[in-house]
Amino acid sequence: MATLSETILGAREGTYTDRRVDRAFCCDGSGLQTKVIYDRIGAPGLASPGSLSIIYDHIAPANNSETAGLQAELRAFAKDEKLGFFEIGEGICHQVMTHGYALPGEVVIGADSHTCTLGALGAFATGVGASDMAGIWVSGEIWLKVPESIGINLSGTLQDNVEWKDVALTYVSLLGMDGATYKAIEFIGDSVQNVPVEGRLTLCNMAVEAGAKTGLFYSDKKTREYLAQFNKTVKDQIPLDPDYKNEYDIELSDIEPVCAVPHRVDTIKPINDLSGLSIDQVFIGTCTNGRYEDLARTAGIMKGRRVKVRTVVVPASRRDLMKALENGVISDLVSAGCTIGPPGCGPCLGAHMGVLGEGEVGLSTANRNFKNRMGIGASYYLCSPSTAAISALYGEIRDPREAE
Amino acid sequence: MTLLTGSGPAVCIGDDIDTDIIIAGRYLRTKDRRVFVEHVFEDLNPAIAKCLNGSVLVAGKNMGCGSSREQAAVALHDAGVLAVIAPSFARIFFRNCINVGLPVLECKDIGCRDGDIISYDCITGWVEREGKRFTTDPLSPKMNDILQAGGLVEYWKRRLVR
Chain B
81 MATLSETILG AREGTYTDRR VDRAFCCDGS GLQTKVIYDR IGAPGLASPG
131 SLSIIYDHIA PANNSETAGL QAELRAFAKD EKLGFFEIGE GICHQVMTHG
181 YALPGEVVIG ADSHTCTLGA LGAFATGVGA SDMAGIWVSG EIWLKVPESI
231 GINLSGTLQD NVEWKDVALT YVSLLGMDGA TYKAIEFIGD SVQNVPVEGR
281 LTLCNMAVEA GAKTGLFYSD KKTREYLAQF NKTVKDQIPL DPDYKNEYDI
331 ELSDIEPVCA VPHRVDTIKP INDLSGLSID QVFIGTCTNG RYEDLARTAG
381 IMKGRRVKVR TVVVPASRRD LMKALENGVI SDLVSAGCTI GPPGCGPCLG
431 AHMGVLGEGE VGLSTANRNF KNRMGIGASY YLCSPSTAAI SALYGEIRDP
481 REAE
Chain L
2 MTLLTGSGPA VCIGDDIDTD IIIAGRYLRT KDRRVFVEHV FEDLNPAIAK
52 CLNGSVLVAG KNMGCGSSRE QAAVALHDAG VLAVIAPSFA RIFFRNCINV
102 GLPVLECKDI GCRDGDIISY DCITGWVERE GKRFTTDPLS PKMNDILQAG
152 GLVEYWKRRL VR
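Listed in order, the protein sequences are those of chains B and L. Under the numbering used here, think of the first position of the first sequence as 81, with each following residue one higher. Under the numbering used here, think of the first position of the second sequence as 2, with each following residue one higher.
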């Protein structure tokens, strides 16, 4: 019948459609590039300023005066034009948008590739570049090709200390870095109702690492409960016998802790093959795994113990940081020797706050381990927060199932 | 204006070229487009940069994957690349190229070597290597309009004047 993408976009797969954008956002970097292009277009004004947001997360706080100057320019523009503005420390754009801004059934466009994260709430959410965002500022619309969809069928239950991140790395490996190019991924099956929203966000976040336009969960009871915290009342989305191009089955109890090894996200190894590999730094955070639940799992493993390597923890948002403070999670992490960064992207994009040096090896809960991305000449392994936490305690990669 | 047909010597690069390797994150915080050209492909092979002006960039599958940074497309465009040809593109990079006025053609592996003369035609949809012709997937009318205008800035300028 119809996939969720087809239902939201109101057209069949393969169709080009000009679609009104319900919510659009930029970060500090893409926002500035968007403003440059918007100025060059010379439009009389913004089509729909109330639906536009700018969120300072990528280099936040600014790393030098040049960046600070550019950020000041964009900040002033946001104020003058009455755009929604989120200052440094509010958090990563995708996480902030889960706080009652991106809603089921909406078309959500972000000038950042990981905008697909928000499909976890049943939105059609995808990333674009600065020009496309400037086009939305000017017109309130964007052209989209309605994607074909892939179904990922989840069944069973995860083992203890195996995480949604392990499922995400496993499905990206299954599909390959271009396995879902131009397509949408819908997560379906008997177990989807048991996937918590934080896990849905992790799974959808990595859809772009398989080339997908977006990843989607149908909104349900868990979505309703999550958005009710932000006083949003939403309806369930019911699958309409969707017609998938391909389907993949993932039995959750078969999933093992894994790492993506340098320098490809789709090349994973079981944790046992890497056990004992020496690391220089651990980074826990990002739009993949910087949420309260990720920090709490990390603290649960580290509590009362001491890290052996430098460990940088960056909460995904102020809200996640607040909850972690209130519940003693931050205290446990700091006591264990972790360094806490301000909410935002941290070193993920390789610009500041914990990039590695030549020859160093990092273990990270981020979504990309591209060559040189988080430090020139460095190597990055990607993993779950539990794997990162136990490995930090030993200074080498360890199996999180060893944790007490 | 962007020329939708042309020809030039090939510069060949591999599969899964990500936008970080086209232009690294550490060079993005500027309004000066020259910075992007100055550092294009710096982490892959800086020698490539010298060959880009007037070339046709022939990439492997999944060209431009990763970050949405439009500076990657800007860097190639401003370095003088005439067009980018690949068996498949990461979709954001594909859109970005069109939006900055850089022709993109999706074509199966044409078995290209550096320096081969490559001709292309975005409107009819073909690529030629050393006289051998391959058909390409046509762009949508809107993509052609944007490209023909020279990118999204010019496209919107014209629409707003009307």
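Just so you know, these hints were derived from the structure itself, not from any lab. Hints are not guaranteed to be accurate.
Think about it this way: if two alpha-carbon atoms lie no more than 27 Å apart in a straight line, the pair counts; the simulated DSSO-like pairs of lysine-lysine are [to be verified]: (1) K349(B) - K451(B); (2) K159(B) - K51(L); (3) K32(L) - K325(B); (4) K133(L) - K451(B); (5) K109(L) - K32(L); (6) K158(L) - K225(B); (7) K143(L) - K451(B); (8) K225(B) - K162(B); (9) K162(B) - K143(L); (10) K302(B) - K315(B); (11) K162(B) - K51(L); (12) K225(B) - K32(L); (13) K109(L) - K325(B); (14) K225(B) - K51(L); (15) K32(L) - K159(B); (16) K325(B) - K159(B); (17) K325(B) - K162(B).
To give an idea of the interface, some chain B residues facing chain L are shown, with a C-beta separation under 10 Å as derived from the structure [unchecked claim]: (18) S128; (19) D316; (20) P319; (21) P322; (22) Y324; (23) N326; (24) N452.
Derived contacts from chain B toward chain L, CB cut-off under 10 Å, selection only [stated by the list, open to error]: (25) E153; (26) D192; (27) D346; (28) K349.
Ideal Cβ placement from N, Cα and C applies to all residues, glycine included.
Here's how the hints hold up against the structure:
At roughly 18 Å between alpha-carbon atoms, K349(B) and K451(B) fall within 27 Å of each other, so this suggested pair holds. Using a Cα cut-off of 27 Å, the hinted pair K159(B) and K51(L) is violated, with the two alpha carbons roughly 42 Å apart. For the hint pairing K32(L) with K325(B), the CA-to-CA distance comes to about 42 Å; that exceeds 27 Å, so the pair is violated. Pair hint K133(L) plus K451(B) does not hold up; C-alpha atoms about 35 Å apart against a cutoff of 27 Å.
A hinted pair counts as satisfied when its Cα atoms are at most 27 Å apart, and K109(L) with K32(L) does not qualify at roughly 36 Å. Straight-line distance between C-alpha atoms of K158(L) and K225(B) comes to about 24 Å, which keeps the hinted pair within the 27 Å bound. Between the alpha carbons of K143(L) and K451(B) the distance comes to roughly 35 Å, so the proposed pair goes past 27 Å and is violated. Of the pairs offered as hints, the one joining K225(B) and K162(B) is violated, with about 31 Å between alpha carbons and a cut-off of 27 Å exceeded.
Between K162(B) and K143(L) the alpha-carbon distance is near 31 Å, which puts this suggested pair outside the 27 Å criterion. Distance hint between K302(B) and K315(B) is fulfilled; the C-alpha atoms sit about 11 Å from each other, no more than 27 Å. With a C-alpha separation of about 44 Å, the suggested pairing of K162(B) with K51(L) is violated against the 27 Å cut-off. A hinted pair counts as satisfied when its Cα atoms are at most 27 Å apart, and K225(B) with K32(L) does not qualify at roughly 31 Å.
In summary, the hint linking K109(L) to K325(B) is supported, as the alpha carbons are separated by about 21 Å, within the 27 Å threshold. A distance of roughly 36 Å separates the Cα atoms of K225(B) and K51(L); the hinted pair therefore is violated under the 27 Å criterion. This hinted pair checks out: K32(L) and K159(B) have alpha carbons roughly 20 Å apart, not beyond 27 Å. At roughly 45 Å between alpha-carbon atoms, K325(B) and K159(B) are farther apart than 27 Å, so this suggested pair is violated.
Simply put, K325(B) and K162(B) have alpha-carbon atoms about 43 Å apart, too far for the 27 Å limit, and the pair is violated. Against a cut-off of 10 Å between C-beta atoms, the interface hint on S128(B) is violated, since the closest Cβ of chain L lies about 15 Å away. Hint status for D316(B) relative to chain L: violated, with the closest Cβ pair at about 29 Å, above 10 Å. A hinted interface residue such as P319(B) counts as satisfied when its beta carbon comes closer than 10 Å to some beta carbon of chain L; here the least separation is about 25 Å, so the hint is violated.
At a threshold of 10 Å, the smallest CB-CB gap from P322(B) to chain L is about 21 Å, leaving the interface hint violated. A hinted interface residue such as Y324(B) counts as satisfied when its beta carbon comes closer than 10 Å to some beta carbon of chain L; here the least separation is about 19 Å, so the hint is violated. The beta carbon of N326(B) comes no nearer than 16 Å to any beta carbon in chain L, farther than 10 Å, and the hint placing it at the interface is violated. Taking 10 Å as the C-beta contact cut-off toward chain L, the hint placing N452(B) at the interface holds, the least distance being around 4 Å.
Given the 10 Å rule on beta carbons, the hint for E153(B) holds: about 9 Å separates it from the nearest Cβ of chain L. Annotation: D192(B) was flagged as interfacial toward chain L, and the flag holds, the nearest CB pair being 6 Å apart, inside 10 Å. The interface hint given for D346(B) holds, since its Cβ lies 9 Å from the closest Cβ of chain L, which is under the 10 Å cut-off. Because the beta carbon of K349(B) sits about 19 Å from the nearest beta carbon in chain L, more than 10 Å, this interface hint is broken.
Figure legend: structure checked against the earlier numbered hints; hints not met, in rising order: 2, 3, 4, 5, 7, 8, 9, 11, 12, 14, 16, 17, 18, 19, 20, 21, 22, 23 and 28.
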